[in-house]
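**Q** Below, each chain spelled out in residue letters.
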Amino acid sequence: MPEDKLLRPNRDVGIIGYGAYIPRYRLPASEVARIWKGENFKGPPGEKAVAGLDEDVITMSIEASRNALARAAIDPTEIRAVWVGSESHPYAVKPTSTVVAEAIGAVPNTLAADWQFACKAGTEAMQAAIGFVGSGMAEVALSVGMDKAQGRPGGALEYTAGAGGAAYLIGTADRSLVTIEASYSFTTDTPDFFRRANEKYPEHGERFTGEPAYFKHVTAAADEIMQSSGLKAEDFAFAVFHQPNAKFPTRVARSLGFIPEQLKPGLLVPMIGNTYAGSALVGLTAILDIARPDERILMVSYGSGAGSDSFIFKTTENLIHRRELAPATLEYISRRTEIDYATYARYRGKLVSK
Amino acid sequence: MEISRHWRLAKQRYALVGEVCPNCEHKIFPPRDICPDCGEEAQDLYQFSGRGEVYSYTQVQQAPTGFEEYAPYTVALIKLEEGPMLTAQLTDMGKRPVSIGMPVEMVTRKLRSDGERGMLIYGYKFRPAIAS
Ligand SMILES: [Zn+2]
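Protein chains in written order, with our numbering: chain A, 1 to 354; chain B, 1 to 132.
Note that these hints are calculated values from the structure, not bench results.
Incorrect hints may appear among the rest.
As the list claims (entries may be wrong) - Simulated DEER-style distance windows between Cβ atoms:
#1 A:E234 x B:E105: 41 to 47 Å
#2 B:G115 x A:A197: 18 to 24 Å
#3 A:R195 x B:L9: 30 to 36 Å
#4 A:R8 x B:E41: 51 to 57 Å
#5 B:E41 x A:E203: 58 to 64 Å
Note that the Cβ used here is the ideal one computed from N, Cα and C, for glycine as well.
Put together the whole structure using the sequences plus the hints.
**A** Right under this line is the structure:
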């Protein structure tokens with residue numbers, strides 16, 4: 001047994017297809033500030049993606065999964081697990097993953113399950129998919145991280161709680177666009193952010209969310225995987241972290257030795273907000289859209305509660321032409337319709353007419 | 001509508017799965033098991049690409065029961081690139097106007113919910129095509 005704590009599958013696996021989805025509506029943070037702080041208050045910078053009236057985690061997961069399938073160029077019946085991580089599943093009981101599996105044509109010979117672990121539900125599903133394919137139980141598994149994030153009206157989260165995410169098809173390394181060199185998980189019981197059953201909006205521990213929560217877990221997960229792999233920040237072309245705001249990932253990246261150029265391509269939060277379970281995963285899609293072959297990428301997620309999953313990816317030659325088979329993440333971002341707070345309230349179902 | 005009916009329609013409604021005639025290769029949507037072109041039995045499933053164009057459209061201001069929360073919206077007659085014509089709601093129009101001939105693509109969206117406690121019903125809609 002090796003000394004380190006890395007998670008090791010029995011055979012090498014990788015990403016055989018990936019796909020993003022970001023809805024087209026944008027709510028600037030300044031507009032949220034205008035409503036709750038007044039016309040003269042200078043709000044925070046940036047904006048967030050807002051789902052349309054007919055969109056939810058099911059519909060957004062379907063589109064991201066179709067994009068992943070297009071890039072993988074496989075028959076959907078090869079998929080033996082459809083796992084969707086989110087904290088905004090449309091049903092309390094009735095898996096999102098069953099609808100997604102049916103819509104993409106993966107039924108009936110497939111596992112389907114919904115995952116939840118705050119903002120790392122999606123990378124949790126990815127870890128499981130690595131194990132499922134890596135053990136030889138399946139040739140292909142689908143993992144999705146997607147959210148239509150909730151934030152209490154007027155609360156601090158409302159400025160950034162966005163919508164979107166990404167889907168990843170995990171398969172054997174020989175057919176991969178990106179190989180997975182290592183993965184690791186770090187978890188403790190930390191009550192920094194939670195939502196009780198039947199509550200509409202989550203609660204968060206204000207200052208408690210930073211140091212003992214995000215920074216501790218992300219740093220531990222990054223340190224372990226980099227040290228055990230014998231890699232330093234300069235060995236990576238890119239790094240992507242869970243991004244509840246721009247400040248946290250920027251600070252943690254700097255403390256781990258990364259420079260802004262490594263972080264910037266995957267740092268989407270100023271343009272789409274915090275997509276919770278989709279956050280690090282959709283950032284990774286933007287990197288895969290531009291990476292060259294043989295480049296290393298570090299990804300570290302963070303889920304309140306709390307834990308972090310870390311991954312080391314390496315791009316292959318296959319990525320270059322396959323990524324053209326679905327819309328680039330920046331295409332989704334540039335497909336932008338700005339809305340005001342009233343429209344936002346309607347789209348978020350904050351207005352009830354009966 | 002009863003739950004069993006929704007369930008049987010899922011494949012065609014979620015993913016635009018129709019039929020193809022084994023005799024003349026005519027693509028059929030919605031599936032009707034008989035080729036409208038040559039009259040042969042046609043039950044082979046066919047996955048439509050989802051690409052098409054707006055053939056005609058109308059704006060709905062007074063939405064029927066169950067769709068009120070989406071009004072106003074546009075319903076269009078879409079000509080699929082494989083030939084068949086179907087009626088569907090347009091979505092994600094943003095601020096752009098609809099036009100005849102506009103290239104559109106299929107997306108699976110929430111159609112409505114059966115009240116607060118009932119099931120959520122998903123199905124195809126069409127949006128302006130994303131260039132790719
Ligand atoms: Zn025929």
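**Q** Each hint needs a verdict: does it hold in this structure or not?
**A** Results of checking the hints against the structure:
1. Remark: the range hint 41 to 47 Å for A:E234 to B:E105 is upheld by a beta-carbon distance near 42 Å.
2. As the Cβ distance of B:G115 to A:A197 is approximately 21 Å, the hint placing it in 18 to 24 Å holds.
3. Between A:R195 and B:L9 the C-beta distance comes to about 34 Å, which sits within the given range of 30 to 36 Å.
4. For A:R8 and B:E41, the Cβ-Cβ distance of about 54 Å falls inside the hinted range of 51 to 57 Å, so the restraint holds.
5. At roughly 60 Å, the beta-carbon separation of B:E41 and A:E203 lies within the given 58 to 64 Å, and the hint holds.
Every hint, counting from the list given before, is met by this structure.
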